[in-house]
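Enquirer: All chains should be built: construct the whole structure from the sequences, respecting the hints.
Those sequence lines, one after another, are chains W and Z.
If you read the first sequence in this note's numbering, its first letter stands for residue 1, the second for the next number, and so on.
If you read the second sequence in this note's numbering, its first letter stands for residue 1, the second for the next number, and so on.
A few of these clues could be false.
[To be verified] Here are the simulated DSS-like pairs of lysine-lysine, each with C-alpha atoms no more than 27 angstroms apart in a straight line:
# : chain 1 : residue 1 : chain 2 : residue 2
1 : Z       : Lys206    : W       : Lys260
2 : Z       : Lys141    : W       : Lys325
3 : Z       : Lys274    : Z       : Lys141
Source of the hints: derived by calculation from the structure; they are not laboratory data.
Keep in mind the model is a prediction, meaning the values are calculated, not measured.
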Amino acid sequence: MAEAHDRPPEKFNIRLRRYDPESGQAPYWDEHTVELEPHRSVLEAVLQARDRFDGSIGIRCSCRQAICGSCGVRVNGEPALACHTHLDAALASSGDGIIEIEPMGNMPVIKDLIVDMDAVHWKKIQRVTPWLLAKEPVPEREYVVPKESMVDVTQTMACIQCGACVSDCLAMEVDPGFIGPAALAKAYRFVGDPRDAEQFERLNDLAQDPQGIFDCTHCFKCVEACPKDVNPMGQIMRLRRIAASDQHIVDQNNGVRHEKAITGLIRGYGLLHEAELIPRSYGGNSWFAKFTPPAGKELLSSLPVILRGLLRGKFNPRIAIFGHKIPPADLKSVQAIYDKVESREERYELNLYITGTDEDNAPVPAEPEQAAVGASTEGSDS
Amino acid sequence: MKVAYWPGCVSRGFTPELHGSMAKVAPLLDIELVELDRACCTGAGVIAEHNQELADTLNARTFALAQQVDGAAMMMNICSTCQGAQSECQERLDANAEYRSHVNQTLASEGLSYESGLTNKNFLWLLVEEIGLEALNARVKRPLTNLRVGPFYGCYIVRPRKRLGIDAEHPRDDYLHQVIEALGGTVVDYAGMRKCCGFPIITMNKEASLKQAGRHLGDAANAEADCLVTPCPLCHLNLDLQQPLAEKAVGRELKMPVLHLPQLVGLALGLDPKELGMGRHVVRPTSVIDWSSSVVAAAA
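Expert: Shown next, in the form of structure tokens:
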């Protein structure tokens with residue numbers, strides 16, 4: 001590390017996305033050459049350009065050490081904290097040797113690299129009631145809870161509200177009303193807190209909302225975007241899991257039915273029986289689902305697609321009707337696994353963020369005490 | 001090379017042309033496929049959403065079956081979603097010996113046990129890392145000259161990077177580009193190539209799901225792609241099977257053919273579009289078939 005810090009200043013070319021909505025002009029690109037040591041940050045490069053060449057460049061920043069979450073931007077198309085991205089790394093990931101810096105996505109631009117967090121991010125955070133709704137009676141002094149239950153929510157507590165996940169959310173891109181990864185991770189912060197009194201109400205609210213937990217497309221964009229390993233998508237999956245399995249919520253968006261359809265079909269066939277997936281997601285996990293009004297309506301609306309598929313020989317009618325199965329003995333084994341795991345009193349979940357890996361936890365081998373070994377060898381009588 | 005082959009469910013169900021074309025292409029690349037016909041669905045992330053240990057145990061069973069295949073160099077899949085779902089389970093199983101042994105206790109009644117460190121590669125990764133782009137290029141009989149191909153990676157095979165082993169030495173999120181070029185085609189870049197096809201929410205928010213598919217297809221059409229190619233059969237369902245509905249969702253005609261990766265490879269290796277099952281697509285790959293017959297005619 002010391003070597004990287006010792007390198008002398010170099011010239012870096014940066015390309016900034018500039019935009020001032022009040023000017024009436026379209027956004028444009030603005031290039032500058034800055035001179036900094038390679039281990040310095042993209043934020044420092046922007047600030048140098050502002051100080052030396054153009055005082056009107058807009059960027060928001062505060063702590064400059066990846067704690068306050070103010071300087072979220074896109075560097076070479078990927079969301080990042082400007083203060084936490086080294087210039088040499090940014091140069092390596094640039095397409096043409098020029099580091100490209102843009103405002104985050106999915107939020108309106110106020111000016112240049114500053115986006116309107118209030119209009120999107122904070123509004124969504126407020127949507128999930130981001131405070132503890134304490135269990136009664138409130139103890140005279142502090143609540144006493146098992147240590148593990150608080151460790152469980154520490155991952156979501158690591159969020160610094162930078163908006164990087166919101167910027168890249170692909171569901172929000174087509175459906176701006178989606179509550180989104182940051183707010184839903186925050187929701188798990190309280191759903192998973194044993195002191196909170198309203199787990200059911202919170203989950204039912206987020207499950208019934210058409211733009212709630214079942215609107216996430218499971219695309220891993222937020223997992224990749226987060227500079228703090230919060231794994232928002234993983235938290236959304238936990239919200240779904242608790243809503244369906246512990247609170248027995250059935251939502252109006254087919255979310256829980258869809259989950260039960262897939263797990264049920266794999267239990268019954270070993271493989272996914274695709275033709276049954278849509279009727280069961282709309283009508284419930286049974287062969288008769290296709291005769292329920294919601295499933296019938298959906299199948300009818302998909303008729304043009306179904307007919308075209310049949311016409312092209314895309315579906316084998318035998319597989320479409322009877323599904324495909326793994327051999328009976330194997331299916332029995334798969335079902336035995338379902339029975340054993342699902343009958344456990346508590347679900348066994350391994351969160352590597354909390355536990356670390358065996359490699360992380362391996363005892364650090366003691367430094368070979370070379371001098372001492374050498375001395376003893378030399379000093380031995382043999 | 002011999003591989004323990006996991007075709008997945010959809011490649012044998014609603015996209016039979018994928019499994020079929022893989023079977024045709026494998027011998028041309030000296031890949032011997034030993035099908036894991038006893039293994040069950042990976043759960044596509046949904047079983048993990050329901051119960052993580054259940055997903056990990058079912059996939060550990062598949063991994064254990066793969067490890068029993070005599071002489072297999074590794075496990076291979078042809079479904080990005082399977083790759084993503086399996087990689088997630090494998091990450092947990094490999095990370096923690098105590099957890100692995102807990103899962104193996106459930107498998108013990110069947111005499112199975114998963115040992116950490118299985119190599120499991122999507123056909124795309126195997127093409128680049130095991131066969132090699134030069135060797136692939138050397139086998140091309142009908143270069144895809146002037147065919148403009150848009151890569152559609154989807155999500156599960158490109159994110160999260162660390163879990164999927166994507167780094168400077170293994171730019172796996174760029175392999176479709178490299179393969180298209182090795183086959184002699186022209187790569188068409190467009191905005192949606194590493195975005196979500198929308199399939200996971202098709203039953204929950206159909207409008208948003210179809211809008212996602214429609215936008216990416218539209219982006220590719222704007223970039224003048226002749227066709228897309230994808231390593232994921234679930235993406236194929238939303239991009240091809242649902243394309244007539246996606247057209248309505250975005251209010252424009254798309255008519256964008258979407259090929260499975262083995263179909264594109266097979267085409268360049270000289271196979272006939274029909275035997276690669278291209279007639280089974282909802283959007284007829286006429287741009288591709290016309291192109292290939294004109295090339296055949298020119299060669300004749």
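Enquirer: Each hint: holds or not?
Expert: Status of the hints after comparison with the structure:
As the CA atoms of Z/Lys206 and W/Lys260 are separated by approximately 18 angstroms, the hinted pair is consistent with the 27 angstroms bound. For the proposed pair Z/Lys141 and W/Lys325, the alpha carbon gap of about 38 angstroms is over 27 angstroms, so the pair is violated. Taking the CA atoms of Z/Lys274 and Z/Lys141, the gap is about 17 angstroms. The hint holds against a cut of 27 angstroms.
Violated hint: 2 only; the structure is consistent with all others.
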